[in-house]
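**Q** This is what each chain is made of:
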Amino acid sequence: MSEFKVHHRDGEGVSVIDLKGYLDAHTAPDLENAFQKLINEKKFNIVVNCRDLSYISSAGLGVFMAYIEDVRKNQGDIKLTNMSPKVYNVFDLLGFPILYEIYKDELEAVGKFGPRK
Amino acid sequence: MAKKLTKIIQSRTDNLLEVREFVMLAARQFGFSEEESSKIVLAVDEACTNVIKHAYQNAPDRSIQIDIMPDRETFQISIIDEGKSFNPNSAKMPDLKQHLSSFRRGGLGVYLMRTLMDKVEYNYSPGKRNEVRLIKYLTPSKSEARG
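Just so you know, the sequences run in chain order A and B. Residue 75 in numbering that gives the first Met the number 0 is what sits at position 76 of the first sequence, and the numbering runs on without skipping anything. Residue 13 in numbering that gives the first Met the number 0 is what sits at position 14 of the second sequence, and the numbering runs on without skipping anything.
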């Protein structure tokens, strides 16, 4: 059964990760691998599109926390978009909106990275 | 008292989905709204994940028992294991802002359980049986709107 998918797209100096399904302790390593791959390739401008993400637990939230410091040290960021109210509520309960930029729309988030140097 | 429901799983994260479906169905049948049921489901996921990672330290072949005991307005879920005991007193509620700004991953599950449920209780017999009880009361604001 396929319960979680990570899909990655590159364009305009920004990498987009599309999440689909359930992000829990079982599937969190898949997202870790996706972040690790981008960091290894020195791609630090990252947008995570949560449009098709139906569930997240603290194991999934922990992945964002594990990589944000590395990414920001390299003048990049992880911005989140297109969350359902249910998924947003979990991020909100843990105070994530203070630390992460969350946008309604992917294009808006991509635009926040500004023009390429 | 309504019928007690029990599910026993092996201590693997690929069983979490099955646990979530089991709890969601029971919570909805008890009368909780979808939003409240989702909170209960997440709290149980966090408790089971803690058992797998900490009590059993990722050993894949141990058992976790999930008992659901619906009783009038009280919906209680017990998560029972026979692994390493967890001292709930050592898990203080983190100062969330400070915790997050230092990018620490641990402890969020315990915080979520306490935030999502009305009551969280621990009952431990070291080396024999550990139990986490998650309790939520069914009040009109948490029920499915009827009309």
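Rather than coming from a laboratory, the hints here were simulated on the basis of the structure. We put the CB at the ideal spot given by N, CA and C, even for glycine. Where hints are given, some of them may not hold.
Stated by the list, open to error - Taking CB as the label site, the calculated pair distances span:
#1 B:THR73 to A:LYS85: 22 to 30 Å
#2 B:GLU20 to A:LYS4: 18 to 26 Å
#3 B:SER84 to A:PRO84: 36 to 44 Å
#4 A:ASP9 to B:SER62: 25 to 33 Å
#5 A:PRO84 to B:LYS2: 30 to 38 Å
#6 B:GLU33 to A:GLU31: 50 to 58 Å
**Q** Look at each hint and say if it fits the structure.
**A** Evaluation of the provided hints:
For the pair B:THR73 and A:LYS85, the beta carbons lie near 25 Å from each other, so the given range of 22 to 30 Å is met. Distance hint check: the CB atoms of B:GLU20 and A:LYS4 are about 19 Å apart, consistent with the given range 18 to 26 Å. Restraint check, B:SER84 to A:PRO84: a C-beta distance of roughly 38 Å satisfies the suggested window 36 to 44 Å. With their beta carbons about 44 Å apart, A:ASP9 and B:SER62 fall outside the hinted range of 25 to 33 Å.
For the hinted restraint 30 to 38 Å between A:PRO84 and B:LYS2, the CB-CB distance of approximately 33 Å keeps it satisfied. At roughly 30 Å, the beta-carbon separation of B:GLU33 and A:GLU31 lies outside the given 50 to 58 Å, and the hint is violated.
Of the hints listed earlier, those the structure fails to meet are numbers 4 and 6, in rising order.
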